[in-house]
Every structure is written in C-alpha cells, then in structure tokens.
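> Here are the chains, one letter per residue:
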Amino acid sequence: MSEPADHASLDTVFDESGFPLDVRIPSDLRYIERIVGVVTRSCAALAFPARACNLQVPVALTEALSNAILYGNREDVTKGVRVRAEVSERALVMEVGDEGGGFDYRACLHDPTDPGQLEREDGRGLFLMSRLMDRVECFTDGGHVVRLTLHRR
Amino acid sequence: MSFAIKKQGDVCIVDVEGQLIVGNRQELKQKVLDEIERGERKFLVDFSQTGYIDSSGLGVLVSLSKKIREAGGELRLANLNDDLKTLFELTKLDTLFHIASNRDEALKNL
Numbered sequence: 001m002s003e004p005a006d007h008a009s010l011d012t013v014f015d016e017s018g019f020p021l022d023v024r025i026p027s028d029l030r031y032i033e034r035i036v037g038v039v040t041r042s043c044a045a046l047a048f049p050a051r052a053c054n055l056q057v058p059v060a061l062t063e064a065l066s067n068a069i070l071y072g073n074r075e076d077v078t079k080g081v082r083v084r085a086e087v088s089e090r091a092l093v094m095e096v097g098d099e100g101g102g103f104d105y106r107a108c109l110h111d112p113t114d115p116g117q118l119e120r121e122d123g124r125g126l127f128l129m130s131r132l133m134d135r136v137e138c139f140t141d142g143g144h145v146v147r148l149t150l151h152r153r
Numbered sequence: 154m155s156f157a158i159k160k161q162g163d164v165c166i167v168d169v170e171g172q173l174i175v176g177n178r179q180e181l182k183q184k185v186l187d188e189i190e191r192g193e194r195k196f197l198v199d200f201s202q203t204g205y206i207d208s209s210g211l212g213v214l215v216s217l218s219k220k221i222r223e224a225g226g227e228l229r230l231a232n233l234n235d236d237l238k239t240l241f242e243l244t245k246l247d248t249l250f251h252i253a254s255n256r257d258e259a260l261k262n263l
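The listed protein sequences derive, respectively, from chains A and B. Residue 153 is where the first sequence ends in the working numbering, and the numbering goes up by one at each step. Residue 263 is where the second sequence ends in the working numbering, and the numbering goes up by one at each step.
It should be emphasised that the hints constitute simulated quantities derived from the structure, not laboratory data. In this text, all values refer to a predicted model and were calculated from it rather than measured experimentally. Be careful, since some hints might not be right.
Residues from chain B shown here face chain A by an in silico Cβ test under 7 angstroms; the list is partial [said to hold, decoys possible]:
#: 1; residue: G162
#: 2; residue: I166
#: 3; residue: I174
#: 4; residue: Y205
#: 5; residue: D207
#: 6; residue: S208
#: 7; residue: S216
#: 8; residue: D236
#: 9; residue: T244
#: 10; residue: I252
#: 11; residue: A253
#: 12; residue: R256
Listed below are several chain A residues computed to face chain B (Cβ distance under 8 angstroms; list not exhaustive) [as the list claims (entries may be wrong)]:
#: 13; residue: S66
#: 14; residue: H110
#: 15; residue: P112
#: 16; residue: L118
#: 17; residue: R124
Note that beta-carbon positions come from the ideal geometry of N, C-alpha and C, so glycine has one too.
All chains should be modelled from the sequences, with the hints used to inform the complete structure.
Structure follows, in structure tokens:
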C-alpha cells in the first residue's frame, strides 16, 4: 500500500476513493460516518452481500474507529487514525491503526449477553466486532492496529 | 442524521433518521432526557428511517430504557429492519426491549 492520504486531501478520498483505501483521519468522531460510507459503498460496488454492506462492515468498522479515536488516541486531534481497506478474491481486509499503547483484545473481550451484563450501557464494541467479522486481530506496527477480515461468500 | 420527536396522544415518538452511533448518541440521549424532565413517560423509537446502530447507540437505548422505567414509564421500539433485528438478537437486547413490528402495534396498550 502507498503512503496514506493526509487530512487536506480527505474530501477527494470521500468523493472518489475505492479499494485499496489508505487514509489518515484526525481523531474526531465526525469522520467515522464518512469513512464508513466510503468503505460500504465500495463493498456494494463489488457485489458484497447486503448484510455485509448494511450491517457487518459498517458496525464493525465504526467500532474499530471509535475505539481508536476515543481510547487509543483519547480524542487528541494532533494524533491520527490510519484506515486501510482492500479486497481480494477471498476477503475484505480493513485495518484501523491509532497512536495509543494498545490493549489486550482477548482480555478485554467479555460476553455482554450474560444476564448480569445486559443492562450495561457499554461493553458491546469488541463483542460486535468479533461476532460480525470472520477474524479480528490486534497487533503493533508503529502504533496499535486492529485488523478486521470478512470473507467473501 | 437527526432525531425528530413528535407527540401522538401521550406518547413521544422519536424518529431516528440515518445512523445512531458514537458521534450522535448524546444528542438522542439529551433530547429524550429533556422530555422526561418535562414529565413525558411514554416513548416509542421508530427505526424505519435508520441505517445502522453501533454499540454506543445500543448503549444509549439501554440507558434511556432504564431511566424511563425508573421514572415509571416505558420505552418501546418499532420498525427494525432485518439487519437491526439481527443486531438486537446478537446482543440479546431483544429480550430487554419491547420490539414491535410497526408503529401501530407498538402504540397498543402503551
């Protein structure tokens, strides 16, 4: 993948981009819907199933982006979030990287459907990513990265 | 994305237009809390014009449901498409909410 587009060229990305996508957005929640729109429109153009375009991809990607902005970068606008997405014959792969220290994905993943947890306001983000994607991986690559994989069917 | 609140009888009907996600959940929460403060107790959230909901949006619905219940009222949901139904089933929140297939059904006995 090439170097990511910077903030100044984001409008071009939002208007024209397809896959592969490689862009760096500010740590600002207002960018989430636009980035998710770019990725889901591209998925629809590549004939991904409606469920992938309307549920799996938008929800899982929104969770990864909000975690990166809120918890990874703590909404520090001087820090960026790198979003990459590409499609092969087999799968859609999305990566969301922040500048935080990361977290132990397995340790943080719990079951919000447990009766004692059901009325909690928070704690469903990682669960939804894990249930809506075929694979969720976390690793360090100059920052903390979450990789989401959805196989084509 | 926006939230429109209309009164029908003694029920506040909230239309969620677009997404209900981390970026706008506080707006919905504050609007409904303001209505509770004004004495409203019966709420129906209509998702017929909703795209998708993330975990923050689900969390706000859980929180509002609890607050309305504590105030002696009730929150019901209506017009979820198949993808939104799946989201509520995955999280088992379909067991927590009264979910009606349409607005008329939701308003019955509310």
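> Could you tell me which of the numbered hints above are not met by this structure, giving the numbers in increasing order?
As far as the earlier hints go, 1, 2, 10, 11, 12, 14 are violated by this structure, in ascending order.
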